[in-house]
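Required output: the full structure, derived from the provided sequences and hints.
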Amino acid sequence: AQTVTQSQPEMSVQEAETVTLSCTYDTSESDYYLFWYKQPPSRQMILVIRQEAYKQQNATENRFSVNFQKAAKSFSLKISDSQLGDAAMYFCAYRSGSAGNKLTFGGGTRVLVKP
Amino acid sequence: GAGVSQSPSNKVTEKGKDVELRCDPISGHTALYWYRQSLGQGLEFLIYFQGNSAPDKSGLPSDRFSAERTGGSVSTLTIQRTQQEDSAVYLCASSLYGPSQTSTDTQYFGPGTRLTVL
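Chains A and B are the protein sequences, given in the same order. For the first sequence, the working numbering gives the first residue as 1, with consecutive numbering after it. For the second sequence, the working numbering gives the first residue as 1, with consecutive numbering after it.
Be aware that a few hints might be false.
Think about it this way: if two alpha-carbon atoms lie no more than 35 Å apart in a straight line, the pair counts; the simulated DSBU-like pairs of lysine-lysine are [claimed, not checked]: (1) B/K15 <-> B/K57; (2) A/K70 <-> B/K57; (3) A/K73 <-> B/K57.
Reference listing, derived: stretches of chain A covered by chain B, where coverage requires no fewer than 3 residues with Cβ under 8 Å from a Cβ of chain B [unchecked claim]: (4) 38–51; (5) 102–112.
Please keep in mind that the hints were generated in silico from the structure rather than gathered at the bench. Only a predicted model underlies this, so the values are computations on that prediction, with no experimental measurement involved. Even glycine gets a Cβ: it sits at the ideal position worked out from N, Cα and C.
Here you go:
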């Protein structure tokens with residue numbers, strides 16, 4: 001079974017600075033997808049960014065970018081120019097490319113943004 | 001609707017009672033998922049519906065849990081004889097396609113139902 005690990009329970013960042021969240025995963029598959037979801041206090045999970053394992057290029061979405069290291073099974077998220085609205089729980093998630101469509105989540109990292 | 005909706009937003013029940021949680025997916029989405037978010041277990045998959053195919057029930061924790069999806073749209077998650085360990089936030093998600101088109105398949109989540117079992 002696949003597992004996803006987020007080793008940082010909480011990260012704090014100054015507004016306008018950069019923070020990096022770590023995520024590692026364990027799988028024997030070669031075809032899979034990785035995601036970062038944001039969960040604000042409203043509870044609604046919002047997709048931040050996704051990465052297909054077959055793509056070597058790291059995904060970027062505005063101020064959010066990932067560092068995907070397939071051999072190391074690492075998928076970190078970088079938030080640049082942090083804003084107060086970025087404060088939330090962030091979850092890393094894995095989905096198999098061949099064995100169903102369910103997401104396997106990490107334990108989450110709480111991001112605090114200091115003004 | 002514009003997004004996935006869930007009702008009720010919060011539910012408090014007594015141990016031993018049955019509860020029903022409802023999910024309205026995004027119109028046109030063929031796939032629907034239920035997840036549970038609890039302090040002890042984190043976020044875990046419960047069940048997945050795709051079109052008219054048999055649901056993937058591999059994540060249901062016990063036979064007290066069941067779900068159905070009527071008419072390929074609305075879904076109801078039922079928990080019978082609730083226990084205190086069932087207290088959690090139950091999240092529903094939907095996606096446009098199923099595993100046959102995974103490259104374009106993003107799951108969109110609802111706001112969840114917080115269930116408290118006293």
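Open item on the list: Tell me if the straight-line CA distance from A/K73 to B/K57 falls inside 35 Å.
Closed with: holds (28 Å)
Open item on the list: Run the distance test for B/K15 versus B/K57: straight-line Cα separation, threshold 35 Å.
Closed with: holds (24 Å)
Task: Verdict on chain B covering the stretch 38–51 of chain A, where coverage means 3 or more residues with a C-beta closer than 8 Å - done: Since three or more residues must qualify, the claim that chain B covers the stretch 38–51 of chain A holds, with 7 doing so at under 8 Å.
Open item on the list: Cut-off 8 Å, C-beta pairs, minimum 3 residues; does the coverage of the stretch 102–112 of chain A by chain B stand?
Closed with: holds (count 7)
Task: 35 Å Cα cutoff - pair A/K70, B/K57 - done: Since the Cα atoms of A/K70 and B/K57 sit roughly 30 Å apart, the hinted pair holds (cutoff 35 Å).
Figure legend: structure checked against the earlier numbered hints; every hint is met.
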